[in-house]
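Colleague: Residue numbers (this note's numbering), protein chains in the order written: chain A, 4 to 117; chain B, -6 to 102.
Honestly, I wouldn't trust all of these hints.
Derived pair list, reagent style BS3-like, types lysine-lysine, alpha-carbon separation capped at 25 Å [to be verified]:
| no. | chain 1 | residue 1 | chain 2 | residue 2 |
| --- | --- | --- | --- | --- |
| 1 | B | Lys(-6) | A | Lys58 |
| 2 | B | Lys89 | A | Lys6 |
| 3 | A | Lys74 | B | Lys(-6) |
| 4 | A | Lys6 | B | Lys35 |
Hints are computed from structural coordinates only; laboratory data are not their basis.
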Amino acid sequence: DVKVTQSSRYLVKRTGEKVFLECVQDMDHENMFWYRQDPGLGLRLIYFSYDVKMKEKGDIPEGYSVSREKKERFSLILESASTNQTSMYLCASSFSGASNQPQHFGDGTRLSIL
Amino acid sequence: KQEVTQIPAALSVPEGENLVLNCSFTDSAIYNLQWFRQDPGKGLTSLLLIQSSQREQTSGRLNASLDKSSGRSTLYIAASQPGDSATYLCAVKENKLTFGGGTRVLVKP
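Chain A on its own, in the form it takes in the complex (with noise of 0.2 Å):
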């Protein structure tokens, strides 16, 4: 099975503060993708990678950076966090490219900024 696993289920940051969220796959999939999830906006994809060292940013990149200095690590940064960061924020990784693989999940960080 696919295990997926992000390190914090609940954080709670103040504004301006840097934070990091990380995100571990154990499948030796190349691809992982950061995703916020709010409620009636639904899921939107922050970044992705689809190599180490590689990124691409996704829909809403601003506020956000990434880091991928190992294949089964991907971290995301909030620079300086503010309060409209506040949200339900979900790892997931794919294998390769192929259009034929799902993406698995992991389940999520629950972040405040307060």
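Fit chain B to the given chain A structure using the hints.
Modeller: Just chain B now, with coordinates in the frame of chain A:
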């Protein structure tokens, strides 16, 4: 720009009734369509993936159909159980996944 719609947003059925969940999308040039289940406060669990060349996929009590030409997919859940209560999301893949807003399902005992 691809848009994915799921109607209704919420659905309540008595236990034992078959569930029919709808998903529509505006651009038929998709690679595949995936159905997910999400329990409150949790991540997404992949249920079924239908390739663009396929018409349906089945797994146990779940059956998903795909009609690319009309931009529709339907997820059928036979003989619903209270444990099927969750939010069901569909997503279509082009260069990335685009999600619908989900249908929240309540199966009453």
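Colleague: If a hint holds in the structure, say so; if it does not, say that too.
Modeller: Checked hints:
| no. | hint | in the structure |
| --- | --- | --- |
| 1 | B:Lys(-6) with A:Lys58 | 22 Å, holds |
| 2 | B:Lys89 with A:Lys6 | 21 Å, holds |
| 3 | A:Lys74 with B:Lys(-6) | 31 Å, violated |
| 4 | A:Lys6 with B:Lys35 | 14 Å, holds |
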